[in-house]
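Novice: Quick note: the first sequence uses the numbering used here, first residue 1, plus one each step.
Please keep in mind that the hints were generated in silico from the structure rather than gathered at the bench.
Fair warning: there could be bad hints in the mix.
[As the list claims (entries may be wrong)] Derived lysine-lysine pairs resembling DSBU-like cross-links, with alpha carbons at most 30 Å apart: (1) 87 <-> 127; (2) 274 <-> 305; (3) 127 <-> 220; (4) 205 <-> 270; (5) 205 <-> 220; (6) 271 <-> 220; (7) 220 <-> 87; (8) 220 <-> 270; (9) 253 <-> 80; (10) 56 <-> 270; (11) 253 <-> 127; (12) 145 <-> 220; (13) 145 <-> 74; (14) 145 <-> 188; (15) 145 <-> 205; (16) 253 <-> 305; (17) 253 <-> 145; (18) 87 <-> 270; (19) 305 <-> 220; (20) 13 <-> 92; (21) 220 <-> 56; (22) 80 <-> 271.
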Amino acid sequence: MPIRFFNTLSRTKEPFEPMEPGKVRMYTCGPTVYNYAHIGNLRTFLFEDLLRRHLKYRGFDVYHVMNLTDVEDKIIRACKETGEPLKSLTAKYVDAFFEDLDALGVERAEEYPAATDHIPEMVELIKTLRDRGHTYEIDGSIYFKLSTFPQYGALSHFDMDQLQSGASGRVDSDEYATEDARDFALWKAYDEDDGAVFWETELGKGRPGWHIECSCMSMKYLGESFDIHCGGIDNMFPHHENEIAQSEAATGKQFVRYWLHSAHLSVENKKMSKSLGNIYTLRDLVAMGHDPLAVRWALISTHYKQPSNFTFEGLEAAKVTLNRIRDFRIRLEGIRGEGSDLAEAIETCEREFGDALDDDLNISGAIAAVFEFVREANRLMDKDDLSQEGARQALALLDRLNAVTGLFSPPLVDEVPQSILDLVQERQDARRAKDFARADAIREQLTSEGWVLEDTADGPRVKRT
RNA sequence: GGCGGCAUAGCCAAGUUGGUAAGGCAGAGGCCUGCAAAGCCUCCAUUCCCCGGUUCGAGUCCGGGUGCCGCCUCCA
């Protein structure tokens, strides 16, 4: 069965075939680095991570580019408010962004181009558009003339004549001195509010519009036509629509073949908003004591196209589920004897897992396949009938599936303090002396200090709660 | 006003071309255990927002409602 993706362009699931066999070139809209990424942003990045990992799992050579938007209205505003220079402000949040990715176990893309490193390329692209008659200039700013690109709207399926300009209530009319309200800026002439943020270029003194960086950098690193472009659903219009207009007007070629958009995340059934105080960053959750991998689980385990609801109850459930996998791995690692293997179950699990993800990244189905396998393997271990080789193969399976999802990794080994080990030993002595009251008291003490004690066939084991 | 998405057990959430409701969490009972924990077994949706229709058969198709959500110029 081929991989199929829901392509926003056609609004249908299509078999995925890259332009160049065996090689996938993809671009994903990255962070605007003026703040810490919130869990909604992270959900999208996790979906894209799953996408690239699954393509690699299926044998594709993936070349993935994610931009860093480091010049833009909100950033400039933040600079004004804090008095911090653009570069140092954005550098701080770029670092934070990569820290978050690492904590969540997100694989690195091949390239992370920053907008401010590509001003000359953007100028060139704008000049090309100008030469081709797609632009006009007002007061030093250059705009894309939408009337020269009649295909506009193909992605979002908006009928431009029916768009109600300003319906979202977010448009500041003063901001748009364009001929047509729908035209968008390619280059913004310098304004005093921009402070020290400007470039002296052939187009004059100013800065690029937001959309142009994605057209420019994606085509620079991936070519004028490439396979996959992703982003949050909110970027579909106008951002991605504008990217298409800029790119295709400049090259005359199809820009992107498959567009994949992730749905939004709500928090406790409410839209994230400052007034509700429910915009969480990864570091907020970690500060509350949550495991980043539990956050990964909570954010990745709902199909990307499905609106998802983040709840603390769900995060707890993710933690418990993650622990189930971790305990399972530890149990497998302890298997030594002879017995049956799990060849058939492994084959079934991996096939169902792969089939599910091939079907537009059906992560729920993939996870379900893994739990069927976990139960079967546990059953065999309960009967003491799993061979060491079988256990080894089961662990190898988990490693393969972990390479795709990042959900089945080995637990981090907790450093157990000597004081805790002493208590464990003391309890063992008490048990041997049949002083169970004392033994239970010690276990309660361990619990209160954040450790769970389990008596296993191989002796007592402590782990973090 | 326009466009789009979603409604499946207490919660989260899958359900290809219609064929008789995955999985996880929580809960109940049992096995195991000195007691636990972990694990395993059993139970937990005559039913998939509502009303019609097509069909031998619909969560899945068609028509009509209801509710929630998103986008409509720079929010992933």
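Novice: Does each hint fit the structure? Answer for all of them.
Specialist: We went through each hint and held it up to the structure:
1. 87 <-> 127: At roughly 26 Å apart (the allowed maximum being 30 Å), residue 127 and residue 87 satisfy the hint.
2. 274 <-> 305: Given pair residue 274, residue 305 holds - Cα atoms ~25 Å apart, limit 30 Å.
3. 127 <-> 220: Distance of about 16 Å is within 30 Å: holds.
4. 205 <-> 270: 43 Å, violated
5. 205 <-> 220: 24 Å, holds
6. 271 <-> 220: 36 Å, violated
7. 220 <-> 87: 23 Å, holds
8. 220 <-> 270: 39 Å, violated
9. 253 <-> 80: 40 Å, violated
10. 56 <-> 270: It is violated: about 35 Å lies between the C-alpha atoms, which goes past 30 Å.
11. 253 <-> 127: Given pair residue 253, residue 127 holds - Cα atoms ~18 Å apart, limit 30 Å.
12. 145 <-> 220: 23 Å, holds
13. 145 <-> 74: Holds, at roughly 25 Å.
14. 145 <-> 188: Holds, at about 15 Å.
15. 145 <-> 205: Holds, because 21 Å separates the two Cα atoms, which is no more than 30 Å.
16. 253 <-> 305: 28 Å, holds
17. 253 <-> 145: 18 Å, holds
18. 87 <-> 270: 34 Å, violated
19. 305 <-> 220: 29 Å, holds
20. 13 <-> 92: 40 Å, violated
21. 220 <-> 56: 23 Å, holds
22. 80 <-> 271: Judged against 30 Å, a Cα distance of about 28 Å means the pair holds.
Consistency with the previously given hints fails for numbers 4, 6, 8, 9, 10, 18 and 20, ordered from lowest to highest.
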